[in-house]
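**Student:** Top line first, the protein sequences correspond to chains V and S. If you read the first sequence in this note's numbering, its first letter stands for residue 1, the second for the next number, and so on. If you read the second sequence in this note's numbering, its first letter stands for residue 283, the second for the next number, and so on.
Rather than coming from a laboratory, the hints here were simulated on the basis of the structure. None of these values were measured; they are calculated from a predicted model. Idealized CB from N, CA, C, for every residue including glycine. Please note that the accuracy of each hint is not assured.
Computed cross-link-like contacts, DSS-like style, restricted to lysine-lysine with a CA-CA straight-line distance of at most 27 angstroms [to be verified]:
id : chain 1 : residue 1 : chain 2 : residue 2
1  : S       : LYS313    : V       : LYS171
2  : V       : LYS45     : V       : LYS235
3  : S       : LYS305    : V       : LYS171
A few chain V positions that, by computed beta-carbon distances, are all more than 10 angstroms from chain S [stated by the list, open to error]:
id : residue
4  : VAL60
5  : ASN143
6  : GLY168
7  : VAL182
8  : LEU189
Per label pair, the in silico range of CB-to-CB distance [as the list claims (entries may be wrong)]:
id : chain 1 : residue 1 : chain 2 : residue 2 : range
9  : S       : MET389    : V       : THR61     : 40 to 46 angstroms
10 : S       : LYS509    : V       : ARG223    : 44 to 50 angstroms
11 : S       : VAL339    : V       : THR157    : 35 to 41 angstroms
12 : V       : LEU68     : S       : LYS598    : 56 to 62 angstroms
13 : V       : LEU24     : S       : VAL339    : 40 to 46 angstroms
14 : S       : VAL339    : V       : ALA243    : 31 to 37 angstroms
15 : S       : MET586    : V       : THR157    : 15 to 21 angstroms
16 : V       : ARG223    : S       : THR461    : 33 to 39 angstroms
17 : S       : LEU502    : V       : MET185    : 52 to 58 angstroms
18 : S       : LEU490    : V       : GLY111    : 24 to 30 angstroms
19 : V       : ILE146    : S       : LYS597    : 20 to 26 angstroms
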Amino acid sequence: MKSSRIRKARHSAGQIFWHLVLILVVCIFLYPFIYMLCSSFKKLKDIFTAGIRLLPKEFVTSNYSTVLSRLNVPLLLGNSMFVATLTMLVKMVTSVLAAYALVFVPNRFSGKIFYFFVITMFVPFSVIMLPNYLTLSKLGLLNTLIGVVLPQLADATAIFRIRQAMRGVPKSLIEAARIDKVPHMTCLLKIVMPLTKPSIVSMAIFLFVNSWNEYFWPLLILRSNELQTITLAMKYYTGSEGANGWGNVMALATMSIALPLFLYLIAQRSIISTFMSSGIKE
Amino acid sequence: MSEKEQIRQQKMEDRAAAREEKKIVRRANKKRRDAMVFTLLLAPATVAFLVFIVWPVIYNIYLSFLEWNMVSPDKEYVGFSNYTRIFSDAPFLQSMKNTFWYVVILMVTCFVFPYFVSFAMVHLVDRGQQVYRSILFFPSLISLAVCAVVMSFVFNFMTGPVNSLLKMMGIRGPNWLNTKGYVILVMGLVVTWKVFGYNLIVFLAAILEVPAELIEAAKLEKASKHKIFWRIIMPLTSSTAFYVFVVTFAHALSYAFTPISVITGGGPNYQSTNMVFQIYDYAFVNFQSGRAAAAAIFMLILVMMVVVLYQALEKKVHYEV
Numbered sequence: 001m002k003s004s005r006i007r008k009a010r011h012s013a014g015q016i017f018w019h020l021v022l023i024l025v026v027c028i029f030l031y032p033f034i035y036m037l038c039s040s041f042k043k044l045k046d047i048f049t050a051g052i053r054l055l056p057k058e059f060v061t062s063n064y065s066t067v068l069s070r071l072n073v074p075l076l077l078g079n080s081m082f083v084a085t086l087t088m089l090v091k092m093v094t095s096v097l098a099a100y101a102l103v104f105v106p107n108r109f110s111g112k113i114f115y116f117f118v119i120t121m122f123v124p125f126s127v128i129m130l131p132n133y134l135t136l137s138k139l140g141l142l143n144t145l146i147g148v149v150l151p152q153l154a155d156a157t158a159i160f161r162i163r164q165a166m167r168g169v170p171k172s173l174i175e176a177a178r179i180d181k182v183p184h185m186t187c188l189l190k191i192v193m194p195l196t197k198p199s200i201v202s203m204a205i206f207l208f209v210n211s212w213n214e215y216f217w218p219l220l221i222l223r224s225n226e227l228q229t230i231t232l233a234m235k236y237y238t239g240s241e242g243a244n245g246w247g248n249v250m251a252l253a254t255m256s257i258a259l260p261l262f263l264y265l266i267a268q269r270s271i272i273s274t275f276m277s278s279g280i281k282e
Numbered sequence: 283m284s285e286k287e288q289i290r291q292q293k294m295e296d297r298a299a300a301r302e303e304k305k306i307v308r309r310a311n312k313k314r315r316d317a318m319v320f321t322l323l324l325a326p327a328t329v330a331f332l333v334f335i336v337w338p339v340i341y342n343i344y345l346s347f348l349e350w351n352m353v354s355p356d357k358e359y360v361g362f363s364n365y366t367r368i369f370s371d372a373p374f375l376q377s378m379k380n381t382f383w384y385v386v387i388l389m390v391t392c393f394v395f396p397y398f399v400s401f402a403m404v405h406l407v408d409r410g411q412q413v414y415r416s417i418l419f420f421p422s423l424i425s426l427a428v429c430a431v432v433m434s435f436v437f438n439f440m441t442g443p444v445n446s447l448l449k450m451m452g453i454r455g456p457n458w459l460n461t462k463g464y465v466i467l468v469m470g471l472v473v474t475w476k477v478f479g480y481n482l483i484v485f486l487a488a489i490l491e492v493p494a495e496l497i498e499a500a501k502l503e504k505a506s507k508h509k510i511f512w513r514i515i516m517p518l519t520s521s522t523a524f525y526v527f528v529v530t531f532a533h534a535l536s537y538a539f540t541p542i543s544v545i546t547g548g549g550p551n552y553q554s555t556n557m558v559f560q561i562y563d564y565a566f567v568n569f570q571s572g573r574a575a576a577a578a579i580f581m582l583i584l585v586m587m588v589v590v591l592y593q594a595l596e597k598k599v600h601y602e603v
């Protein structure tokens, strides 16, 4: 009786200890984000003298109004929106079609083709950046938003994840429909997509956010200021403001992650579960 | 058997044969149609991959044997001299050294660390797993450019909170971004902020798949926590661990590019540059496409060696388990 109580007490002491450790880890990972958010509402002097204090002494929104007056933020957001939406849509269509073919259309090359897609995930982008730049320049797509979209289309993440989700759909369902002469397109739209909707939606959000965050292709392709995406503008704006612009830079950073953050908040459960279906074990 | 009957028999056989033949034709048709559908469905994705990954790899190999400034119409064949030259180029050698350290740092922060944290989340605490994982996954959605800028402020040596904290503890914090060694650490932490969450989720999924009875049985036998981790969790999640290892390796080679480009430009004195940034520098700052291509192929070989090694090891692990 007594010993079990002691064991329980020791047990919960261990629990509390590990909770504290995990909370510390969470704090460390959230800290930069909270620092950014808080600093964006501080006066410059307040940022410099704050030390480790996070909350602003005096809550100001002047950083935001300064950024909005110096940069055409709606235009930057619009450019990012265009690039991210187009990239996401095209990638989703090609990936859903490809995943369906790999899972439901019997073919002896399925395995090899899937393997090919997976291997491309490991090709470092330093290998493809120079030839792709030359290709885009030949196509006359330098300094265009389409030029930023195109090289992002070759990415197997979505094929990989959507294939994983589709493997959860019973094959017999599709086989039965095929015997009744239901065309593949109808099978895809009416059976497979409704059944894998959570994964497809979360993959769409994930691809959108990834493309929104893309830094390299905008850096390489875009020259004119009015074509910059918000992520690229972070670099140039930080460089041009120097130490006097800390508050402004933090305000711009906050604005640039507002949309991804919002999307994550509404879909976080299904995004995480899509990534948890690891797909490494067959 | 009458002649009539024979004829009927013959007719029936003929009909059966015809039916059979029709079936074969239909099956062949179906197969052909399936092959066509398969091709059509895969074509859009495959075109993108051929144009923007396969062709670039091939073209890169070709470029690595040429001397070319990316503009002039004539390219000169120079054999392996681009390869020998990059290995005598001090900045590139430095970038290789730095890349090695990036790999070491990220293996600790994005492979070992999330392995333990996910174990703690599943087996060391009873509740809160979902809250922890939602929060810890969240930073992976922030762009590396934003991560980099924010971290450069957090680690600012005059007014950043890290040095303020150290000062309160009576330690004079270093000038992080301008000091050899520390600068790589900060850049590595930027990438960690981004990559940690994904890896945590993958490990979490694998650890949750380990049968609960095994853990319960071990607990009844009063096995210690680290014994449970080393003897049960590790062997049963090894294939996931290999996978995360390879992915982390690939990220470690490349991801530091963004923070380098946004904050340090490779400095001070090439102390934070990595191979990708040097390749970018060869190609788009110095217009030496040959050296850039040679260095890129070198990186490709490095990654592919690790991938092949992974596959060999993975097969072995599968047989053993």
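**Student:** Work down the list of hints and note, for each, if the structure agrees.
**Tutor:** Verification of the supplied hints:
no. : hint                                    : verdict
1   : LYS313/S x LYS171/V                     : holds (17 angstroms)
2   : LYS45/V x LYS235/V                      : holds (23 angstroms)
3   : LYS305/S x LYS171/V                     : holds (23 angstroms)
4   : VAL60                                   : holds (18 angstroms)
5   : ASN143                                  : holds (14 angstroms)
6   : GLY168                                  : holds (14 angstroms)
7   : VAL182                                  : holds (13 angstroms)
8   : LEU189                                  : holds (13 angstroms)
9   : MET389/S x THR61/V: 40 to 46 angstroms  : holds (43 angstroms)
10  : LYS509/S x ARG223/V: 44 to 50 angstroms : violated (60 angstroms)
11  : VAL339/S x THR157/V: 35 to 41 angstroms : violated (19 angstroms)
12  : LEU68/V x LYS598/S: 56 to 62 angstroms  : holds (58 angstroms)
13  : LEU24/V x VAL339/S: 40 to 46 angstroms  : holds (44 angstroms)
14  : VAL339/S x ALA243/V: 31 to 37 angstroms : violated (43 angstroms)
15  : MET586/S x THR157/V: 15 to 21 angstroms : holds (19 angstroms)
16  : ARG223/V x THR461/S: 33 to 39 angstroms : holds (34 angstroms)
17  : LEU502/S x MET185/V: 52 to 58 angstroms : holds (55 angstroms)
18  : LEU490/S x GLY111/V: 24 to 30 angstroms : holds (27 angstroms)
19  : ILE146/V x LYS597/S: 20 to 26 angstroms : violated (43 angstroms)
The structure fails hints 10, 11, 14 and 19 (numbered hints given earlier, in ascending order).
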